[in-house]
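Student: Note that the protein sequences, when read in sequence, are chains D and B. Per the numbering used here: the first sequence = residues 103 to 591. Per the numbering used here: the second sequence = residues 53 to 728.
If you are wondering where the hints come from, they were derived from the structure by calculation, not from laboratory data. Please note: incorrect hints may appear among the correct ones.
[Unchecked claim] Stretch by stretch, here's where chain B covers chain D in the computed footprint (C-beta under 8 Å, at least three residues):
1. 165-174
2. 230-236
3. 300-314
[As the list claims (entries may be wrong)] Straight-line Cα separation of at most 20 Å, SDA-like style, residue types lysine to any residue; simulated pairs:
4. D:K222 with B:D413
5. B:K414 with D:G168
6. B:K690 with B:N663
Just so you know, even glycine gets a beta-carbon here, dropped at the ideal spot from N, CA and C.
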Amino acid sequence: MKTIIQNIIALALPLWGLGGLSSHAQVGQPYIHDPSTLAECEGKYYTFGTGGGGLISEDGWTWKSGAVRPGGGAAPDVLKINDRYLVIYGATGGGLGGGHSGRILTMWNKTLDPNSPKFKYTDPIEVAASDGMEDSDAIDPGLLLDPTTGRLWVCYGTYFGNIRLIELDPKTGKRVAGNEPLDIAIDCEATDLIYRDGWYYLLGTHGTCCDGVNSTYNIVVGRSRQVTGPYLDNVGRDMFHGGGKMVIAAGDRVCGPGHFGRTIIDEGVEVMSCHYEADFDQGGRSVLGIRPLLWRNGWPVAGDRFKEGTYEIESERRGYALELAVDFVRMKQERQAWFRQEELQKPVVPVENQKLEEVVDTWPKGDIPARIGDYMFRPHQRWSITAVPDAGGYLSNPYYKITIEGTERALAATDKKEVTTVPTFTGADEQLWRIEQLTDGTFRIMPKSIPGKKGINTRYVLYSAGDSTPTLAEWDFHSDNSKWNFRQH
Amino acid sequence: MQMRKTIFTTLLLTAIGATAQNPVIRHLYTADPTARVFEGRVYLYPSHDIQPPEGQRQDWFCMEDYHVFSSENLTDWKDHGVIITQNEVPWVQPDSYSMWAPDCVCKDGKYYFYFPAAPKGGRGFGVGVATADHPEGPFTCEATLIKGVSGIDPCVLVDDDGSAYIYWSGMGLRGAKLKGNMKELDGELTTMKMPGAPEGAPAMMVGGQAMEGLPDGFKEGPYAFKRDGWYYLTFPWVRGDTSNGANPTETLAYAMSKSPLGPWDFKGIIMAEHENGCWTNHHSITEYKGQWYLFYHHNDLSPQDDKRRSVCIDKIAFNADGTIQEVKPTLRGVGINKATEKIEIDRLSTASVGVSTEYVDKENPSLGSCVNLPQKGSWMQYNDVDFSGMNNAYLIVSAKADANTEFCVREKSAKGKILARVKMVVVNEQGRFRRDMSGQWMTLTAPLTYIPRGVTDVVLTCEDKAVSIDWVQFKNRETYFTPATASPSTPDEQGFIRRWMLLEPIEKPNPSNVVFVDSYLRDAFSKEYFKGQFTTLPKDGQKVKVEKQTLTWHAVESNRYNVKLFRFADQLDKQVYGVLFWAVTVIDCEEEMQDVRLAVGSNSASMWWLNGEEALLLSGDRRMVEDDGMSPRLTLKKGRNILRGAIINGPGMSDFCVRFLNEKGQPIKNLTINHQ
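Go ahead and model the full structure; you've got the sequences and the hints to work with.
Tutor: And the structure:
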């Protein structure tokens with residue numbers, strides 16, 4: 103009976119969180135369509151959308167309108183080149199109004215902060231156009247500064263004709279003289295180019311746009327060894343023949359992801375930005391979405407938003423579980439005699455899990471250090487992870503508390519850069535945890551702050567100092583000591 | 053430093069600019085153009101204005117070197133780079149930035165470049181000479197300047213008998229015979245006192261003679277040439293009255309004579325003062341390929357600064373008596389525009405009264421200008437547009453109007469043959485796409501109903517309310533289909549079937565593709581629109597009646613792997629959105645093929661039948677993706693198989709791609725495809 107009650111509580115948790123905490127998109131007023139790749143400027147995040155303007159966020163999690171981009175039109179992108187920001191956008195609506203004559207313009211700004219005295223856009227320069235008759239729709243530009251060559255590329259276009267590739271001069275933002283557009287894909291919109299590990303990736307948006315909760319918008323990808331293509335999908339099909347491998351589609355009460363943008367937070371920590379045509383939890387509005395970006399066999403795929411729940415926190419190093427450093431309490435079980443004939447006749451009775459109340463009194467009352475040990479799904483190994491209201495967040499998620507299931511005992515960072523648990527969660531920054539899915543699918547877990555250290559922690563992560571010993575140490579994507587898995591089993 | 057200079061020069065060597073309009077050189081400021089025809093090309097020797105460096109007078113002329121340019125068509129100009137720079141000339145005062153108007157002539161296969169500059173330690177200006185074996189150099193400078201030529205703006209005339217004369221500006225216009233070596237004056241020098249020279253300053257040795265018969269008023273920049281037995285001395289001249297402290301600007305004027313050094317008979321004006329107040333003008337007159345041209349300068353690229361100038365060209369004509377017809381400077385210039393270029397048509401050749409030009413954006417002059425046609429009947433002409441290679445073309449035009457209007461592009465005159473008629477819908481208050489684009493720039497297209505041959509003049513005429521035009525361009529349409537031939541075809545390398553009988557679109561109004569659910573499609577595709585829809589094999593050109601529409605079947609070969617139905621309809625001037633297409637093709641097999649699949653991608657939904665049996669339905673708001681949907685395993689009969697498809701589309705481009713795949717997913721190519 104108790105088990106049932108616990109289950110009900112567990113089920114109720116996500117419902118309690120519906121006020122925005124377990125939202126599947128960013129929070130605040132993140133209303134936008136065709137968000138540009140996220141740009142960081144003087145400690146804030148910016149993204150620009152269709153129709154002018156855009157969003158600003160202090161922490162990447164809570165967004166509000168306020169970014170300023172003149173020129174209106176559709177689907178901008180932004181890229182920092184040296185100490186300036188290059189903004190590119192389609193000056194026209196792309197078929198809005200019935201025509202497909204479009205113009206793509208670039209302009210520079212030294213800052214994205216509209217309150218800065220340095221904030222001033224240069225005069226826009228036309229870099230591409232479509233005449234309305236040709237197989238091209240000059241809107242929806244995406245920028246790539248090729249890290250191997252320093253050359254600046256733009257892909258653009260919609261379903262009306264071909265996706266085209268042009269080259270700009272990264273010093274001026276102007277079209278390279280004599281550069282002719284190259285057709286690289288069909289049947290995409292809101293495309294973007296990225297480069298990783300010897301491959302160029304063309305990300306396009308497929309499906310039905312602008313139909314709210316019925317929009318089937320989704321993001322697909324093809325890749326090429328040359329920026330000029332051909333961009334082939336996972337079955338070798340050219341994006342010029344409509345090919346594309348899914349990166350992100352509907353799910354988790356959001357639908358219609360479109361307009362990809364990649365942001366690298368740290369080595370091995372990446373996110374993708376997009377808009378959802380409809381966030382069912384935010385009234386079906388078009389909102390900004392940021393999701394972990396995973397790389398599987400050389401293909402990008404969106405990770406899921408982290409879900410609150412009760413988990414084993416498994417070390418990638420050894421496969422052991424994060425636990426309280428308390429006595430292992432043996433469970434009672436009658437001696438097994440299944441090989442006897444008369445025993446085979448008896449009904450099989452399931453063994454119940456060890457329960458919190460059976461062991462909690464054996465635990466010390468004060469702080470209990472954390473340890474890593476064999477996972478036996480015992481209460482001291484089961485962690486409830488819950489978003490903390492009003493504690494802010496970062497690009498991927500809100501901050502979480504990590505507590506032993508059924509208790510308020512919370513994981514916390516210490517001033518010695520170790521991890522312990524405190525008997526009661528107080529909301530202190532060292533008890534707030536940032537959880538990010540890594541490009542390989544594992545996670546890093548880091549405290550919002552370390553006592554005695556100023557500011558928000560962005561370096562120290564939960565770390566396997568030994569197979570059995572957790573600590574906090576500097577993030578290293580190349581070490582499994584830095585990585586964890588959340589398992590429900 | 054030397055290294056840097058070398059790199060700079062190398063880069064410039066490759067600079068090629070194309071502009072059919074004035075000014076002709078746009079990457080540098082250029083002034084005082086002397087144009088000469090050498091080896092069948094026009095070589096341009098201008099002075100090179102620069103922004104004064106720090107320490108130099110900012111509001112004065114500043115010139116440190118010479119470039120030479122050449123062109124074969126007066127449109128594409130090659131910059132050959134720097135030929136002479138001030139600090140490498142032995143006699144020139146270093147950093148004097150005084151490399152003013154030059155000239156270059158050819159005699160006996162050798163090129164002589166004459167240029168003025170401030171001499172070392174001297175006063176005023178001297179003139180030196182440099183020689184080369186090629187018109188673009190490399191030039192070797194003489195160590196000293198030409199004795200007796202104290203002044204600026206040298207010009208040399210090589211007469212038919214090989215005699216050469218030099219003209220310059222210094223205490224009026226002077227002229228002298230050159231020795232055979234082209235580097236010395238032929239004749240005695242006389243002692244003259246420089247006007248305004250301080251007491252006790254050494255007298256100057258001056259050669260040649262003053263040019264007589266010229267009017268009073270400031271003169272400089274002599275350019276002498278010979279035509280039909282007449283010698284012409286042409287020169288910038290201030291004709292305005294300066295007595296009241298006014299500062300009138302220069303005209304270009306000329307005088308004629310039967311002998312090279314005059315006396316001269318003054319004839320009048322070649323070009324009036326620049327309207328915007330640009331103080332100087334300086335020029336040359338050259339015949340090239342049977343046409344005479346006036347090269348001059350203007351400050352069009354730096355309207356606020358008339359010490360930074362740019363070379364322009366316009367045609368010039370002579371009367372029967374040898375006198376010169378006055379030239380009105382144009383922004384159009386003399387180059388030939390390819391019709392496929394984006395032509396800034398506001399730099400017009402001529403226009404009707406009331407037509408004006410203005411900046412597209414007053415705040416941003418770099419966006420250029422537009423032309424305003426204020427009322428019905430207004431027109432403007434733009435000369436020399438080359439339509440070679442144009443066929444099945446269309447017009448692209450950037451235009452702006454306050455109300456719905458209409459304008460035409462015509463050939464040669466305001467009543468000329470119409471190339472394209474543009475109906476400009478600025479305000480549309482009906483239908484799905486309501487808009488108000490009044491006062492905003494729109495890019496419009498219109499098919500060309502007539503395509504001129506070769507080079508001709510284009511005239512824009514306003515046929516209704518006022519309209520402004522920024523630029524025009526002509527483009528050939530892409531070719532998506534060719535008519536199917538009688539001989540059978542085969543699938544392409546990837547197995548796609550490109551030969552089809554396509555029926556002109558049946559109207560099927562759908563404002564969105566989201567209605568294409570399975571049940572809707574089964575209903576839409578099972579309806580009989582025309583007789584024999586599922587049974588008969590249409591013939592090329594055959595007509596069918598669908599309610600009020602009479603539609604024709606077309607036998608086509610797609611030039612692409614996919615069949616672009618949008619383009620099929622568009623090029624027949626048929627409805628492109630809210631339509632249903634029927635497609636039929638005939639596939640011949642030598643042997644029966646079992647377990648093949650029909651692989652289809654379509655935009656939007658489609659349904660396919662093989663030999664009358666349903667093979668595949670692709671539903672929904674669908675984009676065309678190769679191998680999107682597959683039929684169940686089918687059998688292609690030995691002999692003739694009939695494949696039929698129906699494709700439905702609301703808004704957006706419609707197309708399909710079809711092929712057969714075998715059990716392993718490989719394309720089947722050993723098929724023969726007919727349309728009958």
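Student: So, for every hint listed, does it hold in this structure?
Tutor: A quick look at each hint next to the structure:
| no. | hint | in the structure |
| --- | --- | --- |
| 1 | 165-174 | violated (count 0) |
| 2 | 230-236 | holds (count 5) |
| 3 | 300-314 | holds (count 4) |
| 4 | D:K222 with B:D413 | holds, 19 Å |
| 5 | B:K414 with D:G168 | violated, 29 Å |
| 6 | B:K690 with B:N663 | holds, 12 Å |
Checked against the numbered hints above, the structure breaks hints 1, 5 and satisfies the rest.
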